[in-house]
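Protein chains in written order, with numbering that gives the first Met the number 0: chain A, 0 to 194; chain B, 0 to 301.
Some hints could be false.
Unchecked claim - Here are some, though not all, of the chain B residues that point toward chain A, as calculated from beta-carbon distances under 7 Å: (1) D124; (2) H127; (3) E161; (4) I239; (5) E247; (6) V280.
Claimed, not checked - Derived CB-CB ranges, DEER-like: (7) Y236(B) / S91(A): 21 to 31 Å; (8) D238(B) / R1(A): 28 to 38 Å; (9) A77(A) / L89(B): 48 to 58 Å; (10) I40(A) / V28(B): 56 to 66 Å; (11) S91(A) / F215(B): 55 to 65 Å.
Claimed, not checked - When the alpha-carbon atoms are kept at most 25 Å apart in a straight line, the in silico DSS-like pairs for lysine-lysine are as follows: (12) K250(B) / K189(B); (13) K12(A) / K276(B); (14) K189(B) / K104(A).
If you're looking for bench data, these hints aren't it; they were derived computationally from the structure.
All figures in this text were calculated on a predicted structure; none of them were measured in a lab.
Just so you know, even glycine gets a beta-carbon here, dropped at the ideal spot from N, CA and C.
Here are the chains, one letter per residue:
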Amino acid sequence: MRGRVYDLRLFMKEEMVNGSINLVTRETGAVIRERLERELIGEADPTVAFLDFSGVGVVDYSCADEVIAKLVSRLLSAEYGDKFIVLEGLSSNQMENIEVALERKKLAVLSLQETVGWQIIGFLNNYLRKTLVSVMERENITLRELAEEGGIGLNTGGTRLLNLYKKRLIWRSEEVSREGGRQFVYKSLTAVRGY
Amino acid sequence: MGLILVPPPTVDEKGFELFLGQFGRRPWVESHRIGIDLGDVTFIDPYGMVGMLEFGYYLKSLGKEVILRVPRTGEVSKYLERMDFFRLHLGLFILDPPRLDFTERYHRSSSSDVLLEITKIEKSDDIHFIVDRVRDRAGSILEAHLHYDERAIHHFIVALSEVCQNILEHSQNIGYVGIQKYFYAKSLAKNVVKIAVMDLGIGIKNSLSPRFSSVFGEKWTDLLAIERALLHGASRYEDIGRGHGLTEVRKFVQEWSGKISIRSGTAKFSLLPSWEKGSRVHSGVTFFPGTQISLILPEMGG
Chain A
0 MRGRVYDLRL FMKEEMVNGS INLVTRETGA VIRERLEREL IGEADPTVAF
50 LDFSGVGVVD YSCADEVIAK LVSRLLSAEY GDKFIVLEGL SSNQMENIEV
100 ALERKKLAVL SLQETVGWQI IGFLNNYLRK TLVSVMEREN ITLRELAEEG
150 GIGLNTGGTR LLNLYKKRLI WRSEEVSREG GRQFVYKSLT AVRGY
Chain B
0 MGLILVPPPT VDEKGFELFL GQFGRRPWVE SHRIGIDLGD VTFIDPYGMV
50 GMLEFGYYLK SLGKEVILRV PRTGEVSKYL ERMDFFRLHL GLFILDPPRL
100 DFTERYHRSS SSDVLLEITK IEKSDDIHFI VDRVRDRAGS ILEAHLHYDE
150 RAIHHFIVAL SEVCQNILEH SQNIGYVGIQ KYFYAKSLAK NVVKIAVMDL
200 GIGIKNSLSP RFSSVFGEKW TDLLAIERAL LHGASRYEDI GRGHGLTEVR
250 KFVQEWSGKI SIRSGTAKFS LLPSWEKGSR VHSGVTFFPG TQISLILPEM
300 GG
């Protein structure tokens with residue numbers, strides 16, 4: 000897994016001629032999303048892209064929907080290959096508006112802040128949140144480990160991990176177990192950034 | 000001169016409605032020249048001003064020639080100048096008197112209560128300009144006089160952006176916005192900001208009709224269309240991410256005990272705070288094309 004940081008302020012400077020630092024209007028959102036899509040498609044699989052909002056001003060609801068909600072929605076349908084995204088450098092105001100956009104579409108994305116660590120933005124039910132915490136805390140976890148730790152059945156644990164993976168909130172790699180068999184190891188997206 | 004329309008001395012939301020009512024009752028179709036006599040106007044706010052510009056556009060689109068008699072009160076004319084009304088009137092009105100000179104009498108002050116001069120909205124870049132301008136002036140008005148903190152300023156700007164985007168997204172026409180701070184002595188004893196956003200587009204009912212008219216049949220009216228847009232996030236697009244801008248604006252305005260009014264076609268719908276008296280619903284008002292939105296946000300605390 001590779002990590003890439005996408006500086007949104009820089010992308011705005013390169014893609015927009017008005018010099019604005021604000022992510023407002025659907026038209027602006029579409030321009031920035033298309034740039035992000037080109038970048039994502041150009042990356043090798045698997046890659047986690049950290050979208051850095053530092054230096055970005057206002058993010059309105061329409062632009063949040065056009066950039067983040069649409070991007071996450073297409074990420075889930077594998078339009079960009081085996082890619083993941085994490086938002087970082089968000090202010091609480093920006094996060095609030097992005098959350099509204101994601102919740103409407105029942106989507107979720109990880110956010111990473113240096114001061115508070117990781118957070119989930121958007122809609123994710125409680126049992127998946129709990130499983131996500133287990134993965135994030137351990138950075139790597141197998142189905143067996145999750146089941147033992149959480150006192151849940153293998154089927155339940157497997158379904159939850161698979162759901163989180165399908166929602167692009169964790170990634171997985173197939174590795175050889177101590178017993179010599181093959182198994183998936185589920186991993187934290189933020190570990191790539193060293194958090 | 001054919002028809003002459005005389006607005007009331009106070010041209011705010013209520014005054015502009017009275018003015019439209021007068022227009023609706025008069026036989027204007029045959030008149031090639033229509034006069035608007037602002038001579039006795041003693042107060043005009045962004046809603047009245049933007050409304051007059053839109054009215055000028057409307058008459059021009061009908062092939063009318065419009066003579067605008069400017070207010071006799073110098074303060075009102077200076078305020079119109081300060082809000083860029085006379086810069087934007089070009090091509091819409093023939094002014095009476097034709098020349099106005101404010102250079103000796105009036106200088107723009109950095110401590111003005113104008114948060115945003117009347118600004119045309121016809122493309123996405125205009126909204127970026129509006130957002131940048133309001134962010135620049137937020138400290139001197141929203142923070143100093145309305146005691147808005149960073150979060151409130153952010154929400155204010157987002158609300159403004161979303162309301163203005165409605166013009167680009169749904170009206171299929173250009174629009175105008177203007178913002179000014181006032182002191183509401185009588186009803187509130189507080190500072191407020193008034194935001195007026197208008198367009199002459201297809202209106203909310205026509206914008207939503209492809210998705211909703213068959214659902215509601217004969218009940219599909221301007222009033223119902225406004226209610227669906229403002230209260231239920233209805234959009235002409237099927238994408239569930241669309242149409243929520245206005246509902247989020249409504250939540251923000253209500254959270255801050257503000258007032259929101261939307262007029263479109265022949266109906267007007269308002270959400271009133273406790274400090275404002277009036278009727279929520281007006282149907283059967285004089286037809287005026289497009290959508291006219293008024294937001295009034297009071298200062299926080301106290």
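For each hint, the structure was consulted:
1. Checking D124(B) against chain A by beta carbon gives a least distance of about 5 Å; that is within 7 Å, so the hint holds.
2. Using the Cβ-Cβ criterion of 7 Å, the hint placing H127(B) at the interface with chain A is satisfied: the shortest such distance is roughly 4 Å.
3. Using the Cβ-Cβ criterion of 7 Å, the hint placing E161(B) at the interface with chain A is satisfied: the shortest such distance is roughly 6 Å.
4. For I239(B), the interface hint holds, the least distance from its beta-carbon to any beta-carbon of chain A being 6 Å, beneath 7 Å.
5. With its C-beta approaching chain A no nearer than about 5 Å, E247(B) sits inside the 7 Å limit, and its interface hint holds.
6. For V280(B), the shortest C-beta to C-beta distance to chain A is roughly 27 Å, which exceeds 7 Å, and the interface hint is violated.
7. Checking the proposed 21 to 31 Å range against Y236(B) and S91(A) shows it holds: the Cβ atoms sit about 29 Å from each other.
8. Checked against the hint of 28 to 38 Å, the pair D238(B) and R1(A) passes, with Cβ atoms roughly 32 Å apart.
9. Separated by about 54 Å at the C-beta atoms, A77(A) and L89(B) satisfy the suggested range of 48 to 58 Å.
10. Taking the beta carbon of each, I40(A) and V28(B) are about 58 Å apart, inside 56 to 66 Å as hinted.
11. Separated by about 40 Å at the C-beta atoms, S91(A) and F215(B) break the suggested range of 55 to 65 Å.
12. Of the pairs offered as hints, the one joining K250(B) and K189(B) holds, with about 21 Å between alpha carbons and a cut-off of 25 Å not exceeded.
13. Using a Cα cut-off of 25 Å, the hinted pair K12(A) and K276(B) is violated, with the two alpha carbons roughly 47 Å apart.
14. For the proposed pair K189(B) and K104(A), the alpha carbon gap of about 39 Å is over 25 Å, so the pair is violated.
The earlier numbered hints that this structure contradicts are 6, 11, 13 and 14.
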